[in-house]
Amino acid sequence: MVFNQAMGKVAIKGKNFLGFEIEIHQTDKKKAFNELESLLAVSSQYMKNAIITLKLNSSNKSLAGDFIDFLKEKGILLSAIVVEDKENLNVDLPVIELKHIHLVNEANEREVSTFRGNLRSGQSIKANGDLVVVGNVNSNSYIYATGNIFVLGKLYGVPHAGYGGNDDAVIFAFDLNPPQIRIGNYITRSPEENVLLKKRDNIVSEVAYVDEDGIVIMSYSEWLNTK
Numbered sequence: 113m114v115f116n117q118a119m120g121k122v123a124i125k126g127k128n129f130l131g132f133e134i135e136i137h138q139t140d141k142k143k144a145f146n147e148l149e150s151l152l153a154v155s156s157q158y159m160k161n162a163i164i165t166l167k168l169n170s171s172n173k174s175l176a177g178d179f180i181d182f183l184k185e186k187g188i189l190l191s192a193i194v195v196e197d198k199e200n201l202n203v204d205l206p207v208i209e210l211k212h213i214h215l216v217n218e219a220n221e222r223e224v225s226t227f228r229g230n231l232r233s234g235q236s237i238k239a240n241g242d243l244v245v246v247g248n249v250n251s252n253s254y255i256y257a258t259g260n261i262f263v264l265g266k267l268y269g270v271p272h273a274g275y276g277g278n279d280d281a282v283i284f285a286f287d288l289n290p291p292q293i294r295i296g297n298y299i300t301r302s303p304e305e306n307v308l309l310k311k312r313d314n315i316v317s318e319v320a321y322v323d324e325d326g327i328v329i330m331s332y333s334e335w336l337n338t339k
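Numbering (my numbering), first residue to last: 113 to 339.
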């Protein structure tokens, strides 16, 4: 189901499998706050634990700090800001310029498989193309995909993205804490001191991908800023 809500010159849009984009065209700060408040009253329940970006235009990007603070007061923590031009924009968030967003022709998109539920110990899933798990992947379970893997929950089992040799695949999870990660022809294991399932503070969504040094893991917000 596609999620779209709009009020005046403010909209909240579902973005593929990972979250939402708040799009503001309103240049009047007070009106924008009122429209945002009305939208969040009916939308915030769907946005819990989601990746959320804020899209502004050249006419209102100077209000970015005000919008960030307002949303934070409403319990909405942004992952990044999307603008046409980041010049003179000073915020404590990753900034993505529209020219760096690559649009993909729908006809060329990979097949996407979706699994809803929790994987228990001993269970496994294999998928051609991208795999989206809406739930938790528990320890001693296994997921394989020839494309990317997105886990909208905890990933404590073993993922293998790019199964078959695709080193360009990525792995995303709200809570990425597996004992082993495989991407294409690369493999990495968690250090022994990172005991699986140990208590961790400040859990953030993370992405695993391959660069020239092997598999790298970083927060989703940091990864966005590298694109």
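Please keep in mind that the hints were generated in silico from the structure rather than gathered at the bench. A couple of the hints might just be wrong.
[Said to hold, decoys possible] Heads up, simulated DMTMM-like pairs for lysine to aspartate or glutamate below, C-alpha to C-alpha not over 20 Å straight-line:
| # | residue 1 | residue 2 |
| --- | --- | --- |
| 1 | K167 | E199 |
| 2 | K184 | E223 |
| 3 | K184 | E199 |
| 4 | K198 | E223 |
| 5 | K186 | E147 |
| 6 | K167 | D140 |
| 7 | K167 | E334 |
| 8 | K186 | D204 |
| 9 | K184 | E135 |
| 10 | K167 | E196 |
| 11 | K121 | D204 |
| 12 | K125 | E147 |
| 13 | K142 | E185 |
| 14 | K167 | E223 |
| 15 | K186 | E135 |
| 16 | K198 | E334 |
| 17 | K125 | E209 |
[Claimed, not checked] With beta-carbon atoms standing in for the labels, derived distance ranges:
| # | residue 1 | residue 2 | range |
| --- | --- | --- | --- |
| 18 | G276 | E149 | 46 to 52 Å |
| 19 | D197 | N240 | 18 to 24 Å |
| 20 | G276 | N146 | 49 to 55 Å |
| 21 | D197 | E149 | 15 to 21 Å |
| 22 | F227 | M330 | 46 to 52 Å |
| 23 | G247 | D204 | 27 to 33 Å |
| 24 | V246 | N278 | 21 to 27 Å |
| 25 | R301 | E199 | 53 to 59 Å |
| 26 | E199 | N252 | 45 to 51 Å |
| 27 | G229 | D178 | 38 to 44 Å |
| 28 | V154 | Q235 | 45 to 51 Å |
Note that the structure is predicted; figures quoted are calculated from it, not measured. Glycine included, every Cβ here is placed at the ideal spot set by N, Cα and C.
Going down the list of hints, with the structure as the test:
1. K167 - E199: holds (15 Å)
2. K184 - E223: violated (36 Å)
3. K184 - E199: violated (24 Å)
4. K198 - E223: Violated. K198 to E223 sits at ~34 Å, over the 20 Å cutoff.
5. K186 - E147: Answer holds: K186 to E147 is near 13 Å, not above 20 Å.
6. K167 - D140: Judged against 20 Å, a Cα distance of about 16 Å means the pair holds.
7. K167 - E334: holds (17 Å)
8. K186 - D204: holds (18 Å)
9. K184 - E135: Roughly 16 Å between the alpha carbons, so the hint for K184 and E135 holds.
10. K167 - E196: Roughly 9 Å separates the two Cα atoms, so the pair holds.
11. K121 - D204: violated (25 Å)
12. K125 - E147: Holds, at about 14 Å.
13. K142 - E185: holds (15 Å)
14. K167 - E223: Cα-Cα ~28 Å, so violated.
15. K186 - E135: With a Cα-Cα distance of about 16 Å, the restraint between K186 and E135 holds, given a limit of 20 Å.
16. K198 - E334: holds (16 Å)
17. K125 - E209: Holds, at roughly 18 Å.
18. G276 - E149: 46 to 52 Å: 48 Å Cβ-Cβ, so the 46 to 52 Å window holds.
19. D197 - N240: 18 to 24 Å: At roughly 39 Å between Cβ atoms, N240 and D197 fall outside 18 to 24 Å, so the hint is violated.
20. G276 - N146: 49 to 55 Å: This hint holds: roughly 51 Å between Cβ atoms.
21. D197 - E149: 15 to 21 Å: Taking Cβ atoms as reference, D197 and E149 lie about 28 Å apart, which means the hint is violated.
22. F227 - M330: 46 to 52 Å: Violated: the Cβ-Cβ distance is about 25 Å, outside 46 to 52 Å.
23. G247 - D204: 27 to 33 Å: holds (32 Å)
24. V246 - N278: 21 to 27 Å: holds (23 Å)
25. R301 - E199: 53 to 59 Å: At roughly 43 Å between Cβ atoms, E199 and R301 fall outside 53 to 59 Å, so the hint is violated.
26. E199 - N252: 45 to 51 Å: holds (50 Å)
27. G229 - D178: 38 to 44 Å: holds (41 Å)
28. V154 - Q235: 45 to 51 Å: violated (36 Å)
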